[in-house]
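Participant: So the protein sequences, as listed, match chains R and L.
Numbering follows my numbering, with no gaps: position 79 of the first sequence is 79.
Numbering follows my numbering, with no gaps: position 50 of the second sequence is 50.
Be aware that a few hints might be false.
Said to hold, decoys possible - In the BS3-like style, the derived pairs of lysine-lysine whose C-alpha atoms are separated by at most 27 angstroms in a straight line are: (1) R:Lys67 x L:Lys246; (2) L:Lys210 x L:Lys246; (3) R:Lys67 x L:Lys210.
Said to hold, decoys possible - Residues of chain R placed beyond 10 angstroms of chain L at every Cβ, according to the derived structure: (4) Asn36; (5) Glu58; (6) Ala63.
Quick caveat, the hints were computed from the structure, so don't treat them as lab data.
Nothing here was measured: the structure is a model prediction, and the numbers come from that model.
Each residue gets a CB set at the ideal place from its N, CA and C atoms; glycine is no exception.
Below are the chains, spelled out letter by letter.
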Amino acid sequence: MKKLFLMFVMSLMTAGAFANEIIVSEPVLEADIASNCCRRTARDEDGDVLVSVTVCTEDNRLANCMKAEEELDRWLRLLAP
Amino acid sequence: MKLCSPFIFLTFLFFSLDLCSQNFIAEYHYHYQKNNSPVAFSKNAFLSVNSQYSLFEIKNDDYKGYTTEKLIDPKSGEEVVVFKSNKSRFVYKDLRSKTLINKEKILLDEFATLDSLNIFKWELLADEQSTILGFICKKAKLRYRGRNYIAYYCPDIPCQNGPFKFHGLPGLIMEIQTTDEDLNFFIRIKRFDISTKNLTIENPYVNEKKIYTWDEYTDMYRMKYNEYNSYSNGNDNKSIGLPKGKIEIIIND
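This is chain R alone, in the form it adopts within the complex:
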């Protein structure tokens, strides 16, 4: 439960890093923490994939998700006009 809460807080913080306005949906689902690898994807408003990052380097899924979100954030900053 603690883990889930922490992930939710982190997702808020990460989203805040590159958004003018943020609408945050549901926090991480149980199914999302089934394996240690973590994938984060950014799509444009038409639904086309802009960037997809999968991180499996850490034993801990939470750490992988943090890395994936950091990497995604970095890419989006590069791509944003």
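Knowing the structure of chain R, use the given hints to seat chain L on it.
Facilitator: For chain L alone, kept in the frame of chain R given last:
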């Protein structure tokens, strides 16, 4: 003395076919969703037409900058960040020069791009018809930039115009959709109003620094497609990729 030679009459008839006799505004429902995507772009859109110009506008919130929205992909359970531009989209047609301008995208960059209206090779299927908003509409087929479409047009509204870039049928396009399996894309008319007043249509691209040609845009797209796809070949599990196209397929296998 002859009042009008057959040549002049036919020339006048040819050019007048593309000019709508009355100003009107049509409201459409615009829907675009790739079949592997949890994100749908579904908006109301308006087509304004006068005798010289038309403007297809997909209304958006017009905030400055981008906003993000997070959602969970119900298929994979993964978190997805949706990057929204919030800008309205316009397709501006100059009916006299038979050209249009649209903002084309490469990832998040946008390019105002000039295109021709003479790019649609319709196949009319006059035997098949449907009633839309009380108008009897006829069916047509189109193969256009890598996708197949069916459309319904209304011969009783004798204006060779339609939503998005679509153009050139002998009547207003009331409905168009792709029959391709990878994409759920349709535009359907919801309302049609004839305007008795002057309808001024302004070019939304008048202050653009550069207007690209379609060929220039597709050349840039191909270059970026190859560049970004090379990022995906490493072992670091990062991928950045352009699709082969959106409504219009640019990268042909």
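Participant: Evaluate each hint against the coordinates.
Facilitator: Consistency of the hints with the structure:
no. : hint                : in the structure
1   : R:Lys67 x L:Lys246  : violated, 30 angstroms
2   : L:Lys210 x L:Lys246 : holds, 23 angstroms
3   : R:Lys67 x L:Lys210  : violated, 39 angstroms
4   : Asn36               : holds, 13 angstroms
5   : Glu58               : holds, 13 angstroms
6   : Ala63               : holds, 15 angstroms
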